[in-house]
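Per the numbering used here, residue 17 is the first one in the sequence shown, and the count goes up by one each step.
For the record, the hints were derived by calculation from the structure and aren't laboratory data.
Accuracy of the hints is not assured; some may be wrong.
Okay, the calculated beta carbon distance ranges per label pair [unchecked claim]:
| no. | residue 1 | residue 2 | range |
| --- | --- | --- | --- |
| 1 | 86 | 454 | 45 to 51 Å |
| 2 | 702 | 94 | 56 to 62 Å |
| 3 | 443 | 415 | 32 to 38 Å |
| 4 | 120 | 624 | 54 to 60 Å |
| 5 | 277 | 299 | 20 to 26 Å |
| 6 | 608 | 424 | 28 to 34 Å |
| 7 | 157 | 131 | 19 to 25 Å |
| 8 | 217 | 254 | 21 to 27 Å |
| 9 | 226 | 112 | 36 to 42 Å |
| 10 | 252 | 115 | 19 to 25 Å |
| 11 | 497 | 645 | 21 to 27 Å |
| 12 | 497 | 120 | 17 to 23 Å |
Taking lysine-lysine and the DSBU-like style, the derived pairs with C-alpha atoms no more than 35 Å apart in a straight line are [claimed, not checked]:
| no. | residue 1 | residue 2 |
| --- | --- | --- |
| 13 | 316 | 218 |
| 14 | 729 | 218 |
| 15 | 203 | 702 |
| 16 | 111 | 212 |
| 17 | 494 | 712 |
| 18 | 712 | 640 |
| 19 | 323 | 729 |
| 20 | 316 | 300 |
| 21 | 124 | 412 |
| 22 | 96 | 122 |
| 23 | 212 | 323 |
| 24 | 712 | 245 |
Beta carbons are placed, not taken as given, at the ideal position from N, Cα and C, and that holds for glycine.
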Amino acid sequence: MTSVTLLIARELGVREAQVAAAVDLLDGGATVPFVARYRKEATGSLDDVQLRALEERLGYLRELESRREAITESIRAQGKLTPDLAAAIAAADTKARLEDVYLPYKPKRRTKAQAAREAGLAPLADTLLGAPENDPLRVAVGFVSAAKGIATVEEALEGARAILTERFAEDADLVGRLREDFWRSGKAVSRVAKGKEAAGAKFADYFDWSERLDRMPSHRILALLRGEKEEFLRIDLAAEGEDSPPGTPGAFELAICRRHGISGKGRPGDGWLLETVRSAWRTKIRTGIKVDLRTRLFEKAEAEAVKVFAANLKDLLLAAPAGGRTAMGLDPGYRNGTKVAVVDATGKVVAVETTYPHEPQRRWQETVATLGRLCRLHRVDLLAVGNGTASRETDKLAAEIIAANPDLRMTKVSVSEAGASVYSASAIASRELPDLDVSHRGAVSIARRLQDPLAELVKIDPKSIGVGQYQHDIGEAKLSRSLATVVEDAVNAVGVDVNTASAALLAKVSGLGESVAANIVSHRDANGPFRTRKALKAVAGLGPKTFELSAGFLRIQGGEDPLDRSGVHPEAYPVVRRILEATKSDITALIGNDAVLGRLSPEAFADTRFGVPTVRDIIGELEKPGRDPRPAFKTASFREDVEKITDLEPGMQLEGVVTNVAAFGCFVDIGVHQDGLVHISALSRKRVSAPSEVVKAGDVVRVLVLSVDVPRKRIALSMRLDDPIDRAQPGSGQRQPAGRVDPRAMSSKPAEKSDQGGALAEALRRATAQTGRRS
17 MTSVTLLIAR ELGVREAQVA AAVDLLDGGA TVPFVARYRK EATGSLDDVQ
67 LRALEERLGY LRELESRREA ITESIRAQGK LTPDLAAAIA AADTKARLED
117 VYLPYKPKRR TKAQAAREAG LAPLADTLLG APENDPLRVA VGFVSAAKGI
167 ATVEEALEGA RAILTERFAE DADLVGRLRE DFWRSGKAVS RVAKGKEAAG
217 AKFADYFDWS ERLDRMPSHR ILALLRGEKE EFLRIDLAAE GEDSPPGTPG
267 AFELAICRRH GISGKGRPGD GWLLETVRSA WRTKIRTGIK VDLRTRLFEK
317 AEAEAVKVFA ANLKDLLLAA PAGGRTAMGL DPGYRNGTKV AVVDATGKVV
367 AVETTYPHEP QRRWQETVAT LGRLCRLHRV DLLAVGNGTA SRETDKLAAE
417 IIAANPDLRM TKVSVSEAGA SVYSASAIAS RELPDLDVSH RGAVSIARRL
467 QDPLAELVKI DPKSIGVGQY QHDIGEAKLS RSLATVVEDA VNAVGVDVNT
517 ASAALLAKVS GLGESVAANI VSHRDANGPF RTRKALKAVA GLGPKTFELS
567 AGFLRIQGGE DPLDRSGVHP EAYPVVRRIL EATKSDITAL IGNDAVLGRL
617 SPEAFADTRF GVPTVRDIIG ELEKPGRDPR PAFKTASFRE DVEKITDLEP
667 GMQLEGVVTN VAAFGCFVDI GVHQDGLVHI SALSRKRVSA PSEVVKAGDV
717 VRVLVLSVDV PRKRIALSMR LDDPIDRAQP GSGQRQPAGR VDPRAMSSKP
767 AEKSDQGGAL AEALRRATAQ TGRRS
């Protein structure tokens, strides 16, 4: 068997030594962010994407190896392990192939074939297969035995057929080949369940649908599976040649015949053998293959859905922060009022309020005056308006507050509420805001996530942020693992101010966990802010290894050593001292001095421990210490005269914010409580293979309204602003053209105010698209 490190190296296109070094570091407790950033010499500068792929593949191959050992031991205990079988087990390169090899030896419940073998019918099966010139009825007579439970010739032949059926079905090479043939030529076929036409209308496009298995996109697979789960659809897998008239073997039956030397030459046993093959294919092999391929379809769809969710989450976490500016969070509502919270530049809550500007109380002017006074009192810079129920009305309220207080130069920004209610009721919120009502905690979260999306969103379970595609249809464990790595990578890419960060944020730093993070906050509260990174060593539970893994990602602003606010790891400070000696400078003069730093040669300061890649990174950090990789803060401006879907008209050009990116396009909030969909075909004039090539969550974009379907709450948008317009508005009873599906059928909405529903959409010619549902 090829070594694990060599196999991974080939797959990643890197040297085996790089992989081996990375594996040693990860096995030694190092984190991916730490290895990617501070161990480039060891790994040959493998980046975090490569390391994550390496880590995932390593886990799979180790699970495979563990299973291989268990299977080998099981077969050895049965006394059936031969050199050829051991070689086949060692050569199995996937879990599926390994299980195929193991199937004949896998302990199973008593089968008809096993009973037939115990009754002495194996020689009959071998004779009929090996010598079809014999008449099956005549040969079987000799195996009739009342003592063995074989009372008739027919029973003897039935037992022989069971033995051969099991033999064919457990032929690993044969089944593997048939499975791949079925995958390449097969289709998924869906039909509406009888009597479910009206109730399952949201799946109407799949009432008579077929598509090649190997070409089905992730979102369509999950749509079909959901329709089946909800009992509106009946799904089958079919392939050309799987069915054929009796006596005429189809393609798959012929493959079984060729494998086992069976043919129709008119010999006495040929007919019986052909019928045995037909039975084996239809009752055993085909059934197993269809189960396997349904699993493959789901795993394929799941992997893509997890990938989409992870990409969206990363973009959302790394969205531009407004920074340390006083913000007023407005959590809109009607009957229960609009909840208000003001947080200062550090995120500290300085005021809360509940107002009733909307229906049914309509205390508009009172609210404008009250919130205006709060803005003046606390010198508010930003008005963060939650984008849920009553958001446009509250956005108009914010505009009036700004107009009434022009000297404050405030800016209003629409902020996603996704996850705010989950945070409000969480244990983290209870610890952070114990004196606040749950309803006001949501307003605090809205204000803080405008200041720093990353710092606030890490407090919420990523699955509750609502940027996924069919997230409730995929495996919880796999999704959670993937999203956890995204959060970890995002936090460590940005770095964390150890003197202001919450315990939730600190817990995501390389090497730290919830316990050590809580200890850091407790130490900070008891002893005041940390003045140096070295002082972190006094924190309970933060030993040498934890310090090594975390120190480079922790920032200390205004501390005793300017390097402590940079991404330079403390272990590399001696390199900086050598640079200071060479430039005859001090650290305060050197930091940010591009003229001096730009002339330095990394090779001149490299040594056996810190190579050129690390020195290059150090010089980069000195040029811009603690630089934030996130983009500059930018806001979208919604049209004041467009507040609801009925205000939209084809041909309008609007500004909006990308809220979610799926495999088929992206959703855009244009301020009408209903996200529009820009289909992948309408993202660019150039060919786009994946929407993420063009847009990411949080992007401010300009879009063209192509069409509006008010009854079904669908908005088709285009980022190609000169696209022709379809001004015909479909009625509520009109069926969608083939290839389109109601996104409400695909809703995977968490308990939040805002959601795109994980919508599936296949557009016609340009970008006939639809929206996700926002309640």
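Status of the hints after comparison with the structure:
no. : hint                    : result
1   : 86 <-> 454: 45 to 51 Å  : holds, 50 Å
2   : 702 <-> 94: 56 to 62 Å  : holds, 60 Å
3   : 443 <-> 415: 32 to 38 Å : holds, 37 Å
4   : 120 <-> 624: 54 to 60 Å : holds, 56 Å
5   : 277 <-> 299: 20 to 26 Å : holds, 21 Å
6   : 608 <-> 424: 28 to 34 Å : holds, 32 Å
7   : 157 <-> 131: 19 to 25 Å : holds, 20 Å
8   : 217 <-> 254: 21 to 27 Å : holds, 25 Å
9   : 226 <-> 112: 36 to 42 Å : violated, 25 Å
10  : 252 <-> 115: 19 to 25 Å : holds, 24 Å
11  : 497 <-> 645: 21 to 27 Å : holds, 24 Å
12  : 497 <-> 120: 17 to 23 Å : violated, 34 Å
13  : 316 <-> 218             : holds, 24 Å
14  : 729 <-> 218             : holds, 13 Å
15  : 203 <-> 702             : holds, 31 Å
16  : 111 <-> 212             : violated, 39 Å
17  : 494 <-> 712             : holds, 23 Å
18  : 712 <-> 640             : holds, 26 Å
19  : 323 <-> 729             : holds, 28 Å
20  : 316 <-> 300             : holds, 25 Å
21  : 124 <-> 412             : violated, 69 Å
22  : 96 <-> 122              : holds, 11 Å
23  : 212 <-> 323             : holds, 33 Å
24  : 712 <-> 245             : holds, 31 Å
When the structure is compared with the earlier hints, violations turn up for hints 9, 12, 16 and 21 and for no others.
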